[in-house]
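Chemist: One letter stands for each residue in the lines below.
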Amino acid sequence: MIQLDNLTKVFDTPKGAVVAADHISMEVPAGEICILLGPSGCGKTTTLKMINRIVKPTSGKVFIDGEDTTGMDTQQLRRNLGYVIQQIGLFPNMTIEENITVVPKLLGWDKARYRERAREMMAMIAMEPDAFLKRYPSELSGGQQQRIGVARALAADPPVMLMDEPFGAIDPINRTVIQDEFLKMQQELNKTIMFVSHDIDEAIKMGDRIAVFREGKLVQYSTPDDLLAAPKNAFVESFLGEDRALKRLNLVKVREVVSDEIGTVVPGDTLETALAKIDDFGYQNSILMVNDQRQPVGLITRAVARTTRGYCRDHFQNVPATVNLDDDLRKVASLMFAQDTTWLPCVDDDGRVCGQITQRAMTHHLGARFRAQETNDLTPDAATKE
Amino acid sequence: MPIQSLKGALRALLLVAIFFAGVWSQSSGVIDDFLWYLPDVQFLAVQHLWLTAISGGLAIAVAIPLGILLSRPSMARWAESLMQILNVGTTIPTLAVLALSMSFLGIGTVPAVFGLFVATLLPITRNTYAGLKGVNLALMEAAAGIGMSPLQQLLRVELPNALYVIFAGIRTALTINVGTVPLAFLIGAGGLGELIFTGIDLYDPVMMLSGAIPTALLAIVVDALIATVAFLMVPRGVNPNRA
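Protein chains in written order, with the UniProt record's numbering: chain L, 1 to 386; chain W, 1 to 243.
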């Protein structure tokens, strides 16, 4: 757990005092990723760097796991905080192995242990130990270097990690990959992480909580969903962008919106039955045909069912797409737009149909949160509670 | 780099000189004349190298700590002005430095070593300072951020990364030192300058060359020696010659 208590930094510049961080108080629960988000110069990096005293706080306190760090020895404190920076900062004079083991060595681990640890870390970041440990940073690509940067920060297994725009200098494709890898690692590691970013999409993807900063002040601190649904003021709203409702699509999984009610036909049904079912269920265009394992095999359209006689198995079209219960709504929306359809069948991990998702259900789900917010805004009590 | 190309030109010139010297000595039997000076050359070359070793060794021992000291953050306010003073010091001709040190310390080895020491000190200090200041700030932040003490930062990150530049300074300084030692003869410290200046005074080219050629060879050998040491000591990851 990281707790900041009225953390303040005032820089003395020739033009007078500049308040870079103004009485920042917040708390990151253990095992969560907190994103410090905001435009440049908003104080997010200063706030992060005050935790490991790269920037010395003017006033205020930092608690790690409930313990006041003010009296701690700076070096001892830093060795227990993983630190990843945008410029990566691998030591070019050291091999990859030496880079990863630098903190364990500082902590006085014995040789066998830290060498074993280096191999473990390489496995964790999915890089071949034998191929890379003896190489030098300059021989690695940017993405590989930042993986090593993360490994170095994690090597001594610190409970808390501080990350200063760690993936900012990596190309978009590699960035997505490395973000996904990192989230996967975090599921096992459960570190408490403070993460600076200026990228709203990264924040929504990576963060359990997001702290929005502006001009040295903490403007809003909430979960990504709350942030997108209920931005506190016009600044947050504009920073999130006009498409913030769409961004929430990333946060909602199919399983939250899916309706298990779906009418289906089997290949042996007649088209007459299919037409009856289409009308019964009130479908506009078509009905899904499944095999005896309930796997989707085709669509029977209303037009065909009305004008043709015969069995469904002879008159079906291909299913344009299916979605998995764990897909996010952004993917669903994208498929719907691409296929020009208003609904898609949902399948479980075995490929069996378990329901359907409709555009209507999606918009309703997203809208519900905004409507709730509007009601809150009208009743002052509820608003202050928020 | 101008120093590199200067050295290249010097070497080419030397080769040409050796060639013509060979032709000439073949035809005139001058080789015997040279061989007559061999015992002198052996004795004076050792003396010459001692002067270089002592003045150069002292210079390295003082210049590197001085450069490190100047590069510390706490010295930032003074460092630039001190470097300026050292830069001005570099512009004083070595002969003038030797003359000055003679007027304070008298004649002999001590003033010569002192003069050479002063001339050698400056390039090494400057390169040590520049090399340490040139270490990427991100490295320094990473080193501090993972909990290295200032001394650990210096020894494990700053110095290894600045070593290539520091060695470049040592190499230049010592090569120039070897070439400057002949002037030490003028204040009575011996060295190969004895043959060179006496040869000039006596209009005896053979005697003069018996001093000049070994001096040039020594400079080349010292240069190569330091280059080899640098090659072996600079860590592979930051050594442009071992990439």
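The hints are simulated quantities; they were obtained by calculation from the structure and are not laboratory data.
All of these numbers come straight from a predicted model, not from anything done at the bench.
Beta carbons are placed, not taken as given, at the ideal position from N, Cα and C, and that holds for glycine.
Each hint should be verified, as a subset may be incorrect.
Cβ-to-Cβ under 8 Å is the rule here; a few derived chain L residues that face chain W [as the list claims (entries may be wrong)]:
#: 1; residue: Gln87
#: 2; residue: Val103
#: 3; residue: Thr341
A few chain L residues that don't get close to chain W, going by computed Cβ distances all over 10 Å [as the list claims (entries may be wrong)]:
#: 4; residue: Gln3
#: 5; residue: Gly89
#: 6; residue: Leu106
#: 7; residue: Pro137
#: 8; residue: Arg152
#: 9; residue: Ala153
#: 10; residue: Gly168
#: 11; residue: Glu215
#: 12; residue: Asp260
#: 13; residue: Leu299
#: 14; residue: Asp326
#: 15; residue: Arg371
Chemist: Interface hint check: Val103 (chain L), Cβ to nearest Cβ on chain W, cutoff 8 Å. Holds or violated?
Modeler: holds (5 Å)
Chemist: Non-interface claim for Leu106 (chain L): all C-beta distances to chain W beyond 10 Å?
Modeler: violated (6 Å)
Chemist: Was Arg371 (chain L) rightly flagged as not at the interface, with every chain W Cβ beyond 10 Å?
Modeler: holds (46 Å)
Chemist: Taking 10 Å as the cut and beta carbons as the points, is Ala153 (chain L) off the interface with chain W?
Modeler: violated (7 Å)
Chemist: Are all C-beta atoms of chain W more than 10 Å from that of Asp260 (chain L)?
Modeler: holds (51 Å)
Chemist: According to the definition I'm using, a residue is off the interface if its beta carbon is farther than 10 Å from all beta carbons of the partner; does Gly168 (chain L) meet that for chain W?
Modeler: holds (13 Å)
Chemist: Min Cβ distance, Thr341 (chain L) to chain W: is it shorter than 8 Å?
Modeler: violated (50 Å)
Chemist: Looking at Leu299 (chain L) again, its CB stays over 10 Å from all of chain W?
Modeler: holds (56 Å)
Chemist: So Glu215 (chain L) supposedly isn't at the interface. Is its beta-carbon more than 10 Å from every beta-carbon in chain W?
Modeler: holds (24 Å)
Chemist: At a threshold of 8 Å, is the proposed contact between Gln87 (chain L) and chain W supported by beta-carbon distances?
Modeler: Where the cut-off is 8 Å and the nearest Cβ of chain W is about 3 Å from Gln87 (chain L), the hint holds.
Chemist: Does Gln3 (chain L) clear chain W by more than 10 Å, comparing its Cβ with all Cβ atoms of that chain?
Modeler: holds (20 Å)
Chemist: Please settle this one: Pro137 (chain L) was flagged as non-interface, so is its CB more than 10 Å from every CB on chain W?
Modeler: violated (7 Å)
In summary, the numbered hints that this structure violates are 3, 5, 6, 7, 8 and 9.
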